[in-house]
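J.: Next come the chains, spelled out residue by residue.
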Amino acid sequence: MGKAAEISGDRFRVLYRKLMTIRRFEEKVDEFFRQGKVIGAVHTSVGQEAVAVGVAEALNENDLVIATHRGHGHCLMRGAELKPMMAELFGKATGLCKGKGGSMHIVDVKKGMLGAMGIVGAGMPIAAGVGLAIKMQKTGQVCACFFGDNSSNGGPFHESLNVSSLWKLPVVFVCENNLYGISVSAKKSTSVQDIAVRGKGYDIPGVVVDGMDVVAVYEAAREAVKRARSGKGPSLLECKTYRFLGHSRGDPPYGPYRTKEELDSWKKRDPRLLLIKQGGLTPEEVEQIDQEVSEAMEEAVRYAEESPLPDVRTALEHVYA
Amino acid sequence: MATEVAIPNLGYTMTVAKILKWLKSVGDPVEAGEILLEIETDKVNYGIESPASGVVKAILAKVGEEIPVGGLVAIIGRADEEIDLRLYEKREEKTPVSKAVQAQGPREVIQTVSRPKGGRVLVSPVARKMAQEKGINLTFVTGSGHSGRIRMADVEKYLNAAKTAKMEAGPPSGPLEVAEIIPMTTMRRAIARRLSQSFHDAPHFNLCTEVDMTEVKRFLDLNAQKADSQAEVKLSVNDIFIKAVAILLHAHPRLNSRLNGDQIEILRDINIGLAVALDDGLIVPAVEKADQKRLWQIARDRKDLVERARQGRLSLAEIERGTFTVSNLGMYDIVFFTSILNPPQSGILSIGQTMDRPVVRNGAVVIRPIVELSLAVDHRIVDGAVGAKFLQDLKNGLENPILLI
Amino acid sequence: MREIKYAEALREALAEEMRRDQRVFVYGEDVELGYAFTVCKGLIDEFGRERVFDTPICEQTIVGIAVGASMMGMRPVPEIQFCDLLPMCMDQICNSAAKLRYMSGGQVSLPLVVRSPAGKWGSFGAQHSQTLDAWFTHVPGLKVAVPATPYDAKGLLKTAIRDDSPVLFIERKLLYQIPGPVPEEEYLVPFGEARIHREGKDLTIVAVGRMVSEALKAAEQLEKEGVQATVLDPRTLVPLDTKAILDSVRQTHRVAIVEEGPKRAGVGGEIAALIAEEVVDELDAPIRRIAALDTPIPFSPVLENYVLPNDRKIVEAVRDLMSI
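Chains as they are written, first to last, in this note's numbering: chain Z, 1 to 321; chain P, 1 to 405; chain L, 1 to 324.
The set of hints was computed from the structure by calculation and includes no laboratory data.
Keep in mind that a hint or two might mislead.
As the list claims (entries may be wrong) - Reference listing, derived: stretches of chain L covered by chain Z, where coverage requires no fewer than 3 residues with Cβ under 8 Å from a Cβ of chain Z:
id	segment
1	3–17
2	53–59
3	64–74
4	90–98
5	102–113
6	296–304
As the list claims (entries may be wrong) - Cβ-Cβ distance ranges computed for the label pairs, FRET-style:
id	chain 1	residue 1	chain 2	residue 2	range
7	P	E180	L	P286	25 to 35 Å
8	L	A265	P	E31	46 to 56 Å
9	Z	Y254	L	G192	22 to 32 Å
10	P	E65	L	E193	40 to 50 Å
11	L	Q177	Z	L166	51 to 61 Å
12	L	P181	Z	I39	35 to 45 Å
13	L	Y306	Z	V184	30 to 40 Å
Bear in mind the structure is a predicted one, so any value in this text is a computation, not a measurement.
Where a beta carbon is used, it is the ideal one built from N, C-alpha and C, also for glycine.
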């Protein structure tokens, strides 16, 4: 196929580490949530990691990312440090957002992660604004905006694609179609089978991508990023993917609205396994990376646990600039 | 066409009236001229007549409520007429408040608004603070706001009045506990205001004398028998005093006068007021032209006035026409007292109890019925000698009635 | 001093700030031609379509774009044609603009200004005549400016653009064509500083937006009746010059608050509560609010005027207030 040749062997190890970092992080977070150490609402992306990792691979370091409430992966994929990320989820003063944002609003501006947006669909108009600024500032940057399948049914999606196409903004709209908006399947909510076709409605390319395949995602993203950076405007990437855990903690992986059969069939296409195969990673390499990731995770957890809670007076800070 | 019923202006000091009683209810038919309701002003009670015939469509004021002059109290209309009560919801353009504001400035608006029924004194926060700081007991302050609410200006006024009258700034609001708060009626407030003013404005000069009432008593006893047999009015000692004083005022016109700025106005008529005690107040109806009336006429007038005074059925004119006042507290065993002038009058006679006492006549001690009188005069108009001469004439006249003819 | 109209003053502010700072840009529906209320008219001639441009009708995205662009360091000044359309952008205003700085622990700032006209025009109907100031004062993270004069409009807009926090700049339709003195030299009007248009010892009238001129008219009439009124214009509702308001109440002991929005849960309620909390012992009478009735704004002029406050209603309310 020749695609795999685009990514070097070393690179695959990096990608695998990234993927495992996301996965282990999400699993740990899920575990801690059950233990009550992580509070509030948590939305894990186990199973969807390929999209984050694949797109990140296509972006430059100074490019921007906007994500959804399920944004841990998008933060990590940009290289956000584990310790402050974990601390943020624990609500500690050392967290990325000083304990004021939490899981749904994770932000790491230094790494170009402008924010996980808690409101469905809120990220897209903001991404258009980011794209507009990039154009005005002539920096050549690109903004990748992640959103879910059901978001593409809301007003902001349509407004944002229209305006971005109209003004040829350097935005890549990445739809992570995991087939469900909380409990409502895409079949019940979305008038088209493939969300990618909506790109046509706004005169932009709409591409369906295998969202479980890091390499496939990377390929599609690379095209879209190139197009955006060259000033030709936005693209719509629809990555078909699946989340292995529930919508959020408290939601079981299958049962109320998903069948075990469906889950199992998707698990066969676990991005982790695919990546190992595509990258030709040896079991030793896999084990070593897994080990390192685990250790890094443990360290992050220790850091988070030992970190102090925020001083209550910080609640009054950052209301205004 | 609906007819509005408003509180009429019944006297030059009247600003509000309190609703005492409704004689009609909503839905009742009423003829023009029929009494709709009774109101209380600072002087008298009144029956308000319906200005039109028809049906009472709406009653806009409750018993106990105080309505300013001009304020609407009822609507009379045809039986089938629809009245939009929203038009009458708030007192807005109908009240004289705005007029008062234009005329006098906002702080001196309505003087006489009653305290609410619960007896609670309404005070604005800043007025309360002021009173606390100055050690003023708020029960002594008259409120000029709605429902007698005490406002800052009222406390300021109280303070200023205290200063100019050289009174102390009110009794200290120390640890004294208030056992009961009695809301002031319109009459009480009027009395308080007027007598305080009188006391303050007119320098009172008091003269006293003793009168031997032997002749008067003899006359009264005779008449009493006659009156019983003829079912006429029984003469009282007050009638004698009224007549005697009235006759003498002809010769002492200064005591039948009033001060008007720089001018002393000697009044043409001699209308003698008789102080009548009421449940919570005092009213002084006057016998008109007492000098021209026969004793029995005076007695009849006096009886009528006193009766109606006690029933609250006097007219304003009957009170305001007084030119000199006579006051008798003998029935309370008061031997001697002095009174405060009834403004704008220049003289007032206080009559004590007639008692048998030992006196000296022709070098011997005898028992005679003696009464002690005091005369208070306004020294701005009446000097000591003038007052003394009057009192001397009165004494002589009572002791020798033939002198009064 | 020269006199220019409120709309002209706003335009000057925009032009001056765009000259001063290349990051400032203006956009919205019909801004290139300066339609609706003429504020943006002519700006495109000086600054070009790169910095003055029309958008499709997509209010949410208009504000969303401001959020994204400001996070990237630009200083967007979008215009939302009627404040009645602001509810459509509430998510981006309240959940993004007002909160992203806070939620990120201070990592981003959003120096955007959303301009929008409010209030009566005259029979524009319920959906184009509202005054929604109170909605935005209730969202922590937003600043709210409500200029009443051309002088304040220019000075406040310049301050708003230079402010690094998100600002809701709520103008008044009927004020656009009213002239007022505006200096030639540059000046700024700071946020959180009230302006006293008139001093009087008997009561304080706190008035906002178009109600300032109504309050001044009322004050003149009241003066004839022997009542001296102070007219105080907060100019910004967030931050609010609480000190000026409380100091004034300490002097006059009576206060009335006038706003064009509906009375219930309006700006007047907030100010009244502040006064009652801080200086209740200075009050000689209850606090009075004069506002629109709690109804949508009707079309027919007689109905519209019945619903909305005006100088006559202020005078009546004050007369009542003075007599209590």
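J.: Compare the structure with each hint and give your call.
T.: A quick look at each hint next to the structure:
{"no.": "1", "hint": "3–17", "in the structure": "violated (count 0)"}
{"no.": "2", "hint": "53–59", "in the structure": "holds (count 3)"}
{"no.": "3", "hint": "64–74", "in the structure": "holds (count 11)"}
{"no.": "4", "hint": "90–98", "in the structure": "holds (count 4)"}
{"no.": "5", "hint": "102–113", "in the structure": "holds (count 10)"}
{"no.": "6", "hint": "296–304", "in the structure": "violated (count 0)"}
{"no.": "7", "hint": "P/E180 with L/P286: 25 to 35 Å", "in the structure": "28 Å, holds"}
{"no.": "8", "hint": "L/A265 with P/E31: 46 to 56 Å", "in the structure": "52 Å, holds"}
{"no.": "9", "hint": "Z/Y254 with L/G192: 22 to 32 Å", "in the structure": "56 Å, violated"}
{"no.": "10", "hint": "P/E65 with L/E193: 40 to 50 Å", "in the structure": "47 Å, holds"}
{"no.": "11", "hint": "L/Q177 with Z/L166: 51 to 61 Å", "in the structure": "33 Å, violated"}
{"no.": "12", "hint": "L/P181 with Z/I39: 35 to 45 Å", "in the structure": "57 Å, violated"}
{"no.": "13", "hint": "L/Y306 with Z/V184: 30 to 40 Å", "in the structure": "48 Å, violated"}
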